[in-house]
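Peer 1: Chain by chain, the residues:
Protein chains: 2
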Amino acid sequence: MRLIGKEEVENIAIGAALLGTGGGGDPYIGKMMALQAIEEFGPIKLLDITELEDDDVIVPSAMMGAPTVMVEKIPSGEEALVSFQELEKVLQKKIKATMPIEAGGVNSLLPLALAASIGLPVVDGDGMGRAFPELQMVTFYLNDVSTTPMVLADEKGNSMVLNTVNGVWAEKIARSATMVMGGSVMNAIYPMTGKQVKDSSVYRTLTLEEKIGRIIKEAKANKQNPIHAVLDLLGGYQLFTGKITDIDRRTDGGFVRGTATIEGLGEDKGQHCYLEFQNENLLARTDSQVLCMTPDLITMLDTETALPITTEGLRYGARGTVIGIPSDEKWRTQRGIEVAGPRYFGYEHDFTPVEELQKGEGINDEIPFGN
Amino acid sequence: MRLIGKEEVENIAIGAALLGTGGGGDPYIGKMMALQAIEEFGPIKLLDITELEDDDVIVPSAMMGAPTVMVEKIPSGEEALVSFQELEKVLQKKIKATMPIEAGGVNSLLPLALAASIGLPVVDGDGMGRAFPELQMVTFYLNDVSTTPMVLADEKGNSMVLNTVNGVWAEKIARSATMVMGGSVMNAIYPMTGKQVKDSSVYRTLTLEEKIGRIIKEAKANKQNPIHAVLDLLGGYQLFTGKITDIDRRTDGGFVRGTATIEGLGEDKGQHCYLEFQNENLLARTDSQVLCMTPDLITMLDTETALPITTEGLRYGARGTVIGIPSDEKWRTQRGIEVAGPRYFGYEHDFTPVEELQKGEGINDEIPFGN
Numbered sequence: 001m002r003l004i005g006k007e008e009v010e011n012i013a014i015g016a017a018l019l020g021t022g023g024g025g026d027p028y029i030g031k032m033m034a035l036q037a038i039e040e041f042g043p044i045k046l047l048d049i050t051e052l053e054d055d056d057v058i059v060p061s062a063m064m065g066a067p068t069v070m071v072e073k074i075p076s077g078e079e080a081l082v083s084f085q086e087l088e089k090v091l092q093k094k095i096k097a098t099m100p101i102e103a104g105g106v107n108s109l110l111p112l113a114l115a116a117s118i119g120l121p122v123v124d125g126d127g128m129g130r131a132f133p134e135l136q137m138v139t140f141y142l143n144d145v146s147t148t149p150m151v152l153a154d155e156k157g158n159s160m161v162l163n164t165v166n167g168v169w170a171e172k173i174a175r176s177a178t179m180v181m182g183g184s185v186m187n188a189i190y191p192m193t194g195k196q197v198k199d200s201s202v203y204r205t206l207t208l209e210e211k212i213g214r215i216i217k218e219a220k221a222n223k224q225n226p227i228h229a230v231l232d233l234l235g236g237y238q239l240f241t242g243k244i245t246d247i248d249r250r251t252d253g254g255f256v257r258g259t260a261t262i263e264g265l266g267e268d269k270g271q272h273c274y275l276e277f278q279n280e281n282l283l284a285r286t287d288s289q290v291l292c293m294t295p296d297l298i299t300m301l302d303t304e305t306a307l308p309i310t311t312e313g314l315r316y317g318a319r320g321t322v323i324g325i326p327s328d329e330k331w332r333t334q335r336g337i338e339v340a341g342p343r344y345f346g347y348e349h350d351f352t353p354v355e356e357l358q359k360g361e362g363i364n365d366e367i368p369f370g371n
Numbered sequence: 001m002r003l004i005g006k007e008e009v010e011n012i013a014i015g016a017a018l019l020g021t022g023g024g025g026d027p028y029i030g031k032m033m034a035l036q037a038i039e040e041f042g043p044i045k046l047l048d049i050t051e052l053e054d055d056d057v058i059v060p061s062a063m064m065g066a067p068t069v070m071v072e073k074i075p076s077g078e079e080a081l082v083s084f085q086e087l088e089k090v091l092q093k094k095i096k097a098t099m100p101i102e103a104g105g106v107n108s109l110l111p112l113a114l115a116a117s118i119g120l121p122v123v124d125g126d127g128m129g130r131a132f133p134e135l136q137m138v139t140f141y142l143n144d145v146s147t148t149p150m151v152l153a154d155e156k157g158n159s160m161v162l163n164t165v166n167g168v169w170a171e172k173i174a175r176s177a178t179m180v181m182g183g184s185v186m187n188a189i190y191p192m193t194g195k196q197v198k199d200s201s202v203y204r205t206l207t208l209e210e211k212i213g214r215i216i217k218e219a220k221a222n223k224q225n226p227i228h229a230v231l232d233l234l235g236g237y238q239l240f241t242g243k244i245t246d247i248d249r250r251t252d253g254g255f256v257r258g259t260a261t262i263e264g265l266g267e268d269k270g271q272h273c274y275l276e277f278q279n280e281n282l283l284a285r286t287d288s289q290v291l292c293m294t295p296d297l298i299t300m301l302d303t304e305t306a307l308p309i310t311t312e313g314l315r316y317g318a319r320g321t322v323i324g325i326p327s328d329e330k331w332r333t334q335r336g337i338e339v340a341g342p343r344y345f346g347y348e349h350d351f352t353p354v355e356e357l358q359k360g361e362g363i364n365d366e367i368p369f370g371n
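These protein sequence lines map, in sequence, to chains A and B.
If you're matching positions, the first sequence starts at 1 in the UniProt record's numbering and goes up one per residue.
If you're matching positions, the second sequence starts at 1 in the UniProt record's numbering and goes up one per residue.
These aren't lab readings, by the way, just hints derived from the structure by calculation.
There's no promise every hint is true.
[Said to hold, decoys possible] Under the rule of at most 27 Å between Cα atoms (straight-line distance), these lysine-lysine pairs were calculated in the DSSO-like manner:
hint: 1; chain 1: A; residue 1: 93; chain 2: B; residue 2: 94
hint: 2; chain 1: A; residue 1: 330; chain 2: A; residue 2: 195
hint: 3; chain 1: A; residue 1: 45; chain 2: A; residue 2: 195
hint: 4; chain 1: A; residue 1: 93; chain 2: B; residue 2: 93
hint: 5; chain 1: A; residue 1: 156; chain 2: B; residue 2: 89
hint: 6; chain 1: B; residue 1: 89; chain 2: B; residue 2: 198
hint: 7; chain 1: A; residue 1: 156; chain 2: A; residue 2: 172
hint: 8; chain 1: B; residue 1: 211; chain 2: B; residue 2: 45
hint: 9; chain 1: B; residue 1: 172; chain 2: B; residue 2: 156
hint: 10; chain 1: A; residue 1: 89; chain 2: B; residue 2: 93
hint: 11; chain 1: B; residue 1: 94; chain 2: A; residue 2: 89
hint: 12; chain 1: B; residue 1: 89; chain 2: A; residue 2: 172
hint: 13; chain 1: B; residue 1: 94; chain 2: A; residue 2: 94
hint: 14; chain 1: A; residue 1: 156; chain 2: B; residue 2: 172
hint: 15; chain 1: B; residue 1: 96; chain 2: A; residue 2: 89
hint: 16; chain 1: B; residue 1: 172; chain 2: A; residue 2: 89
hint: 17; chain 1: B; residue 1: 89; chain 2: A; residue 2: 96
hint: 18; chain 1: A; residue 1: 198; chain 2: A; residue 2: 96
hint: 19; chain 1: A; residue 1: 45; chain 2: A; residue 2: 89
hint: 20; chain 1: B; residue 1: 156; chain 2: A; residue 2: 172
hint: 21; chain 1: A; residue 1: 269; chain 2: A; residue 2: 243
hint: 22; chain 1: B; residue 1: 156; chain 2: A; residue 2: 89
hint: 23; chain 1: B; residue 1: 156; chain 2: B; residue 2: 89
hint: 24; chain 1: A; residue 1: 330; chain 2: A; residue 2: 96
hint: 25; chain 1: B; residue 1: 172; chain 2: A; residue 2: 172
hint: 26; chain 1: B; residue 1: 93; chain 2: A; residue 2: 94
hint: 27; chain 1: A; residue 1: 211; chain 2: A; residue 2: 223
hint: 28; chain 1: B; residue 1: 89; chain 2: A; residue 2: 89
hint: 29; chain 1: A; residue 1: 93; chain 2: A; residue 2: 195
[Claimed, not checked] Only part of the chain A face toward chain B is listed, based on derived beta-carbon distances under 8 Å:
hint: 30; residue: 157
hint: 31; residue: 158
hint: 32; residue: 160
hint: 33; residue: 161
hint: 34; residue: 163
hint: 35; residue: 165
hint: 36; residue: 169
hint: 37; residue: 172
hint: 38; residue: 176
hint: 39; residue: 177
hint: 40; residue: 180
Here a beta-carbon is modelled for each residue, glycine too, at the ideal position from N, C-alpha and C.
This is chain A alone, in the form it adopts within the complex (with noise of 0.2 Å):
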């Protein structure tokens, strides 16, 4: 168990955007709820999961809807709590501790304004090690964690307990509430006991993200290049540098989909690249080639800054970097890529990891994408 300040928050802040690989919302709205709540209730326990007991009650809190409405629609922080306290209704059982359902900029941060406002401790793991946009997509479902019970509850005062026989039952109809509810919901979800959260967990993101974000900054300090030293710290690969030439994106059920295309600069010069998204960044390619694609993390840093760019930042003009990283494991086992891999976002792709797209044994594109 370590204590989790405003320094740490500031950090994780910047990892979580990173890993959020463009979605998960923007992550200044949870870092401004975490901040703010660790001011009044001070810092925040955090707790390795080799600290938990197996048959601890631990519920992940997340918001659901597309981050576009988040941002003009701010959580109050009455909604993480109301589908916290019905959730121990129906479990009748004390929740022990929070965590976060994935790696990504706001929902990395919500947890941490739930636990610290209501003196509850957060787990140092998640269920994505990367943001994804459907609620199944979680090791924990590759585990057979069971999605439901969950609560959804708005910022009206509108709950809901949902119990659904698989967790694409749940996604269907907790993305169809979410969308009548306003646009965003506060989930309680995936509860679990602490063996399961063990068996299932991508382990120590939120230590992660915090080294990811000091690393930028040292790197900044220190006048050295922060991109290469975030490639170092996740073995990950600098996949294309340039400006973003157009944009096109639509909110379509529930979602933000779109691609992004970038003209290259310097080495990339004559070339483009083709970012496309659903909430998260699923596929980056050129005209010829297949850069990386999901489960594999593609994040998109600001060629000045370092600072990561969500899919609603992208801007016409931005001068980026895209990057790609290994993602863990687990989603990289069969089951993994039924789940999030390239060919259930409609792509006509077997997954190739990143490592070996990029040893130049990549393969071609010639097949026309879809989403």
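With chain A held as given, fit chain B onto it using these hints.
Peer 2: Relative to chain A, chain B alone:
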């Protein structure tokens, strides 16, 4: 308390379809389920509202969804049971009896099927005295009974407990969930105390339905005009007689909306009647006059058999007689008219009772109709 057997159910099905004003689903399915449950478990206890204790827990059971979907997706009975079990957990109280939420084909009869199969009594009353398309259109709501906690359960095994700030939010969220869950679900809704049932129900609806069914059968057996017999019993009016020459029907936002055009026969020859519906018949008019409007009841009876025709049963060439029946007084209050009067449904008319419209003081229909 009296017992309801198969003959009573047969009569109730006819009366329910008539009071259902074209909506509430095909009575056939509900009737079959109720008959089978009686066959298996014996007759059903029918409680008069005056027999309830003030602190009894009473929970209406209802199907929610577009009746056209219901025809193809017959409930198993299991959904209704799951919805009651889930609601008992939430309330942490034993449910004493169920009751229909509306007088409508399926929704008058499904509570009887549930009651028979789990040995629960049924309260002789409902929340409409007719059928209406939305959850908040019940006399319970006019009396500020909370719509939630409510449970939705589907045939796949998914269920949802809703807690909303008001009935309009319950309607919105539950309607959207119903569509995702396959177009129809079973609800346990408007949990009430015996006192609330006494204060806010339409009394003796099942007994009235049974009487309607019996009187139609008897009139036919005695070679009397069954439509006249029904109008005598209910204080209703014959509005129009003719033949359906056009039906415009679409499923839209979880509802079946449309207009049936009826070409006059006999004394109505040379005229046309337009029947506008949203699951239920809401307004009947000729080219020059409004004949009857919601919340008063509008039902089309088969001219030959005097049996009610549901909106999904409207067929080109069918001969029918449109009748109008004064609604329960609860609907004719200012609040009642706000909740379910013509303007709520987009008709540019103030509510005028059918008895005034039929006195020849009918309002001219100079304003174009919209829905």
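Peer 1: Kindly indicate which numbered hints from before are broken by the structure, ordering the numbers from low to high.
Peer 2: none
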